[in-house]
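A.B. asks: Residue-level listing of the chains:
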Amino acid sequence: MKLITVAGPPACGKTAVILKTAVELRGHAVHAGVVKFDCLATDDDERYRRHGIPVQKGLSGSICPDHYFASNIEESASWGAREELDILFTESAGLCNRCSPHIRDVAAVAVIDVLGGINAPRKVGPMLRTADYVVVTKGDIVSQAEREVFVARVRDANPRARILPVNGLSGQGAFELARLLREEAPDRADVTGSRLRYPMPGAVCSYCLGEQRIGSAHQIGNVATLDLTSAGGTP
Amino acid sequence: MNAVQDALDALCGETGVRRLTVEPGRDRRGNPEPVAPISFSAGDVVCIVGATGSGKSRLLEDIEWLAQGDTPTGRRVLVNGAAPDLSGRYSGTGRLVAQLSQNMNFVMDASVGEFLDLHAGSRGLTLDAARRGAIIDAANRLTGEALAADHQLTELSGGQSRALMIADTAMLSTSPIVLIDEIENAGIDRHQAIRLLQGEDKIVLVATHDPSLALLAPRRLVLAGGAIVDVRRRTPQEELLATRLATLDRLQERLRNDIRTGLSLDAYLSDPAVPTVPTAKENA
Ligand SMILES: Nc1ncnc2c1ncn2[C@@H]1O[C@H](COP(=O)(O)OP(=O)(O)OP(=O)(O)O)[C@@H](O)[C@H]1O
Ligand SMILES: Nc1nc2c(ncn2[C@@H]2O[C@H](COP(=O)(O)OP(=O)(O)O)[C@@H](O)[C@H]2O)c(=O)[nH]1
Ligand SMILES: [Mg+2]
Ligand SMILES: [Mg+2]
Chain A
23 MKLITVAGPP
33 ACGKTAVILK
43 TAVELRGHAV
53 HAGVVKFDCL
63 ATDDDERYRR
73 HGIPVQKGLS
83 GSICPDHYFA
93 SNIEESASWG
103 AREELDILFT
113 ESAGLCNRCS
123 PHIRDVAAVA
133 VIDVLGGINA
143 PRKVGPMLRT
153 ADYVVVTKGD
163 IVSQAEREVF
173 VARVRDANPR
183 ARILPVNGLS
193 GQGAFELARL
203 LREEAPDRAD
213 VTGSRLRYPM
223 PGAVCSYCLG
233 EQRIGSAHQI
243 GNVATLDLTS
253 AGGTP
Chain B
811 MNAVQDALDA
821 LCGETGVRRL
831 TVEPGRDRRG
841 NPEPVAPISF
851 SAGDVVCIVG
861 ATGSGKSRLL
871 EDIEWLAQGD
881 TPTGRRVLVN
891 GAAPDLSGRY
901 SGTGRLVAQL
911 SQNMNFVMDA
921 SVGEFLDLHA
931 GSRGLTLDAA
941 RRGAIIDAAN
951 RLTGEALAAD
961 HQLTELSGGQ
971 SRALMIADTA
981 MLSTSPIVLI
991 DEIENAGIDR
1001 HQAIRLLQGE
1011 DKIVLVATHD
1021 PSLALLAPRR
1031 LVLAGGAIVD
1041 VRRRTPQEEL
1051 LATRLATLDR
1061 LQERLRNDIR
1071 TGLSLDAYLS
1081 DPAVPTVPTA
1091 KENA
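If you read the protein sequences in the order shown, they are chains A and B.
According to our numbering, the residues represented by the first sequence are 23 to 257, in order.
According to our numbering, the residues represented by the second sequence are 811 to 1094, in order.
For the record, the hints were derived by calculation from the structure and aren't laboratory data.
Just so you know, even glycine gets a beta-carbon here, dropped at the ideal spot from N, CA and C.
Each statement offered as a hint is correct.
Quick look at which bits of chain A chain B covers, simulated, 3 or more residues with Cβ under 8 Å:
1) 129-141
2) 163-169
3) 195-201
The following label-pair restraints were derived from C-beta to C-beta distances:
4) B:Gly840 - A:Thr214: 36 to 46 Å
5) A:Pro208 - B:Val917: 29 to 39 Å
6) A:Gly224 - B:Tyr900: 27 to 37 Å
7) A:Arg120 - B:Pro842: 52 to 62 Å
8) B:Ser897 - A:Thr214: 29 to 39 Å
Construct the complete structure from the given sequences, taking the supplied hints into account.
C.D. replies: Structure below.
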């Protein structure tokens, strides 16, 4: 079984891309399933089920979603193996852009849409910078020139990655993504002992432990303080 | 294949795309595509026609992807008679194909001038004032409402946006092949747009359901069931028809402008370009 981590900002088209790719894979008798990670709620599992794609969902609730991902990926992979999947996708939204679910020696896909502004590729951070494939969606909504400028910015942020435009509505490009994953993604049914590509934040503070009150008296642990001594304001 | 042409191509080496060839694949049921290889040369305009779902967009995708038997159609696309360098496929740059999308508006937060500079910058070019002015002038020849360097992109009308996209694709994009899937009628002179692209020595492929646009091209590919089933050359009669349809297009454009400016349309009743079929009311 191949494991493939798919990450990207909310509503960038991750589910759309996975659905179109899974349908292409099915055409090659490759059986794909999905584990969807989210924070509070998701309907994505219904969308996958409607297309006959085996799916599990995990909601992190009160726990940091990326920590939740890291502590559940091992069991998720075993589930995929038990289902006899050929490919298991994980879908997760990088909610604060700080973290990345990508794992060494596991194929890593970042999805980003062209609507986020030309600085988005830089702001999205490690989930894009450490990916093997960057899928650019919603190109149908903008001009050729905007696509070209955007792709140049993606390449600046991650010069190593293969960059693929995919249209999440029509599926244009999904054929190619499916082919690359079939041919290139390593077999990884078991991730026990594998390493994340990028470390989680080294921050344990009172708020991590459930503190709700504001004020320095309530701050303990790893706290960073914003420097507001300079003049600031308008130039 | 044309051996002399291939030898010439080989001599010329990698100096741009002078010829693009689509080698047949198979239709949706897996039967061989019933046509010979089809070639396009720089400056060619070719239309792609066929019913909804007949495979027009798929053909454009094959060309954009420089398919090498690795798409559902099994087609192969050759550049200057040989299998092209595919390294541009995943880099997102240096692509041979520019595609005009169906959308009518920009989303980028920038002025027209900044946008052109950014686009040039993404290809490592700097744009001088004259070149920038030339692109804006070309856009203004395609649309009734003039746009300027300091206008915000997101405030342009649909017609202005479309005109700028076309002028930019023609003059700033280095891609030698331009694919147009259903160019919109609204607010731009489509004949002029195609001429602009053609004049920059691009290969222009237009998928359309619109007869007036289809007749602009000397050749049209007919698609059915996922395959190219015929290549038609425009006949002299069709060429004549095309000029008449162009008169109708211009009439529409004048009507659109006059109604937009708040004028009365009374005078059109005696305009020679308006068809003179008596209405039921006049007959009574
Ligand atoms: N030769 C082929 N083999 C397999 N699938 C094909 C083939 N040609 C086209 N298809 C598929 O058929 C579907 C319809 O084709 P396409 O979207 O290109 O039609 P179209 O002519 O552009 O239609 P419209 O006029 O509605 O835009 C697409 O999913 C396309 O990938
Ligand atoms: N126009 C356009 N819309 C898209 C594209 N990809 C996704 N969408 C739409 O964007 C919205 C969010 O997509 P979804 O797959 O749910 O995003 P996710 O939250 O990242 O999984 C949906 O309405 C999709 O239909 C695309 O390529 N073009
Ligand atoms: Mg989703
Ligand atoms: Mg189409």
